[in-house]
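In our numbering, the protein residues as written are 1 to 131.
Worth flagging that the hints you see were computed from the coordinates, not collected in a lab. Glycine included, each C-beta is placed from N, C-alpha and C at the ideal position. Heads up, a few of these hints could be off.
Just the calculated beta-carbon pair ranges, DEER-fashion [said to hold, decoys possible]:
id : residue 1 : residue 2 : range
1  : H6        : Y37       : 19 to 25 Å
2  : P117      : T77       : 31 to 37 Å
3  : S31       : E128      : 55 to 61 Å
4  : T77       : P57       : 21 to 27 Å
5  : T60       : I30       : 48 to 54 Å
6  : Y37       : R129      : 50 to 56 Å
7  : T77       : H6        : 43 to 49 Å
8  : S112      : I7        : 47 to 53 Å
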Amino acid sequence: MSTPQHIWAYCDSCRDTRPVNGVDLREYLISGRPHSYTDLLCSVCFNVIATISVGPPDGTPPVDPPLHLPVQEPTPTPSAEESRSPLRRVHEVELRRDGERIQACIDEILGSGNNLPEALRDLANVIERTT
Numbered sequence: 001m002s003t004p005q006h007i008w009a010y011c012d013s014c015r016d017t018r019p020v021n022g023v024d025l026r027e028y029l030i031s032g033r034p035h036s037y038t039d040l041l042c043s044v045c046f047n048v049i050a051t052i053s054v055g056p057p058d059g060t061p062p063v064d065p066p067l068h069l070p071v072q073e074p075t076p077t078p079s080a081e082e083s084r085s086p087l088r089r090v091h092e093v094e095l096r097r098d099g100e101r102i103q104a105c106i107d108e109i110l111g112s113g114n115n116l117p118e119a120l121r122d123l124a125n126v127i128e129r130t131t
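I would like the entire structure built from these sequences, with the hints used as guidance.
The following block contains the structure:
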């Protein structure tokens, strides 16, 4: 993808105004054929911000609608046991050193190990034992 050229749009994924694929968009608007489509992409997360169509010179709207993403099935409601799990409420794992060992902590649940992978595995084991 080309470097953006001072074209910005709001990105729902980034929740901020971000640069978009400006060079690609300008080339498309110049050379795109009527009723063709291109996506306006966030240059940070590559989320599709908008789908753009070039219309004919007479100003009529596009005849063919753009391709749509398939309809997503609703996510199932978590069971009562899943709702109580500390992993449903966590947004971050706290990491710290205890001498030469690493500790990984979620809420009051603590795992430790000689290195980060061991600490995270121990944390996962503790969570499995407590649920």
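Does the hinted range 50 to 56 Å hold for Y37 and R129 at CB? 53 Å, holds
Just tell me: holds or violated, for the beta carbon distance of P117 and T77 against 31 to 37 Å? Between P117 and T77, where Cβ atoms are some 33 Å apart, the hint holds.
In this structure, is the beta-carbon distance linking S31 and E128 contained in 55 to 61 Å? 57 Å, holds
Can you let me know if the beta-carbon spacing of T77 and H6 is within 43 to 49 Å? With Cβ atoms ~45 Å apart, the hint holds.
Against the range 48 to 54 Å, how does the distance between the Cβ atoms of T60 and I30 compare: consistent or not? 20 Å, violated
Does the beta carbon distance between H6 and Y37 stay inside 19 to 25 Å, or does it fall outside? 23 Å, holds
I want to verify a distance hint. Is the separation of the beta carbons of S112 and I7 within 47 to 53 Å? Distance hint for S112, I7 holds at roughly 49 Å.
Is the gap between the beta carbons of T77 and P57 within 21 to 27 Å? About 52 Å separates the Cβ atoms of T77 and P57, which means 21 to 27 Å is violated.
Of the numbered hints listed earlier, those contradicted by the structure are 4 and 5.
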